[in-house]
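S.K.: Per numbering that gives the first Met the number 0, residue 0 is the first one in the sequence shown, and the count goes up by one each step.
Treat the hints as calculated values from the structure; they're not laboratory data. One thing to keep in mind: the hints can contain errors.
Straight line, CA to CA, 25 Å or less: simulated BS3-like cross-link-like pairs of lysine-lysine [what the hints assert, rightly or not]: (1) 159 <-> 232; (2) 16 <-> 52; (3) 16 <-> 50; (4) 113 <-> 138; (5) 159 <-> 219; (6) 311 <-> 252; (7) 149 <-> 138; (8) 149 <-> 219; (9) 311 <-> 113; (10) 113 <-> 149; (11) 138 <-> 16; (12) 232 <-> 252; (13) 149 <-> 347; (14) 311 <-> 232; (15) 113 <-> 313; (16) 16 <-> 113; (17) 347 <-> 252; (18) 113 <-> 232; (19) 113 <-> 52; (20) 138 <-> 347.
FRET-style restraints, in silico, Cβ to Cβ [what the hints assert, rightly or not]: (21) 114 <-> 280: 19 to 29 Å; (22) 36 <-> 283: 19 to 29 Å; (23) 331 <-> 309: 23 to 33 Å; (24) 249 <-> 62: 16 to 26 Å; (25) 237 <-> 4: 42 to 52 Å; (26) 40 <-> 231: 47 to 57 Å; (27) 81 <-> 280: 26 to 36 Å; (28) 82 <-> 55: 19 to 29 Å.
Note that the Cβ used here is the ideal one computed from N, Cα and C, for glycine as well.
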Amino acid sequence: MPVSNAELTQMFEHVLKLSRVDETQSVAVLKSHYSDPRTVNAAMEAAQRLKAKVYAVELPSFNHPTAMGNDMTAYCGDTALTGNLAAQRALEAADLIVDTMMLLHSPEQEQILKTGTRILLAVEPPEVLARMLPSEDDKRRVLAAETLLKQARSLHVRSKAGSDFHAPLGQYPAVTEYGYADEPGRWDHWPSGFLFTWPNEDSAEGTLVLDVGDIILPFKNYCRERITLEIEKGFITGIHGGFEAEYLRDYMKYFNDPEVYGISHIGWGLQPRAQWTAMGLHDRNDGMCMDARAFYGNFLFSTGPNTEVGGKRKTPCHLDIPLRNCDIYLDDLAVVLAGDVVAPEQSKAR
């Protein structure tokens, strides 16, 4: 059901409080022509209610000639902020940035975060923001799982569909998303509720099977047939199946970049209010489809860039692929079985 402007502002006030915004803080709202004006207005009004110093940074539209489609995750790296040092400095001056246009996977975002500025991305429709309004309990559950992920030296995924995937861990940090940015230099996304890391370079091996009903982003499609990915030394080396496998092969080939086949972040969803079915109720250009990325017990793996944690793969093609009904093991400990979170106890939904 539609969310009123008053409700949206109240929700932003709640999330900004969780993000430690008060009268001592400055808040920049980053926007462009495609930003949802209701989101922009609610963020600014909520920050003013909290007596923060508020300002807006508006950037012109940006479209790379290689980009296909309108999804904000369909082309990574360059943004409207690329090369605009004056705007970057204006953003670095803020304590918190509410990003309504999407800087993710850009070098500029990483540079801003290193100054201690916090960033909260908010690009989903207001109704999705309302359903997955973050709480301190979300943070508690995600951080409980992070404790295990940080200690693990391998991640193993199996499924009845045929997945059998193994990734040594330890080279890259664990990253959490719980919906608000409450620590210096933290990036987060409202809504969310999951965690992930990256395999050690050139090490992931095995098979991942996309079963009927699994999701490929940014296509925003439910698979109607199985797609089998063969993975060797950290890269996809084979894509097998019918029409949908052919479509995926041609899409990735289009970028003419071997780095697009690299396995990027891997992890699992912990947000019980995110729904696997939600994508079917929205238009393709309605946000990023965070339901698919965060739904409880998924195995989310991605391809392409890894620069956000210091890796060297800067490539424009980024796929997020959440799988259902998987078993996920950290070392020998099961954390997800058949798509249900089983450990640690503190990360399970009540």
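S.K.: Determine for every hint whether it applies to the structure shown.
M.R.: Hint-by-hint comparison with the structure:
no. : hint                    : verdict
1   : 159 <-> 232             : holds, 24 Å
2   : 16 <-> 52               : holds, 14 Å
3   : 16 <-> 50               : holds, 11 Å
4   : 113 <-> 138             : holds, 22 Å
5   : 159 <-> 219             : holds, 24 Å
6   : 311 <-> 252             : holds, 20 Å
7   : 149 <-> 138             : holds, 16 Å
8   : 149 <-> 219             : violated, 31 Å
9   : 311 <-> 113             : holds, 18 Å
10  : 113 <-> 149             : holds, 21 Å
11  : 138 <-> 16              : holds, 14 Å
12  : 232 <-> 252             : holds, 19 Å
13  : 149 <-> 347             : holds, 18 Å
14  : 311 <-> 232             : holds, 16 Å
15  : 113 <-> 313             : holds, 18 Å
16  : 16 <-> 113              : holds, 22 Å
17  : 347 <-> 252             : violated, 39 Å
18  : 113 <-> 232             : violated, 31 Å
19  : 113 <-> 52              : holds, 21 Å
20  : 138 <-> 347             : holds, 12 Å
21  : 114 <-> 280: 19 to 29 Å : violated, 39 Å
22  : 36 <-> 283: 19 to 29 Å  : holds, 20 Å
23  : 331 <-> 309: 23 to 33 Å : holds, 29 Å
24  : 249 <-> 62: 16 to 26 Å  : holds, 21 Å
25  : 237 <-> 4: 42 to 52 Å   : holds, 50 Å
26  : 40 <-> 231: 47 to 57 Å  : holds, 50 Å
27  : 81 <-> 280: 26 to 36 Å  : holds, 34 Å
28  : 82 <-> 55: 19 to 29 Å   : holds, 20 Å
Checked against the numbered hints above, the structure breaks hints 8, 17, 18 and 21 and satisfies the rest.
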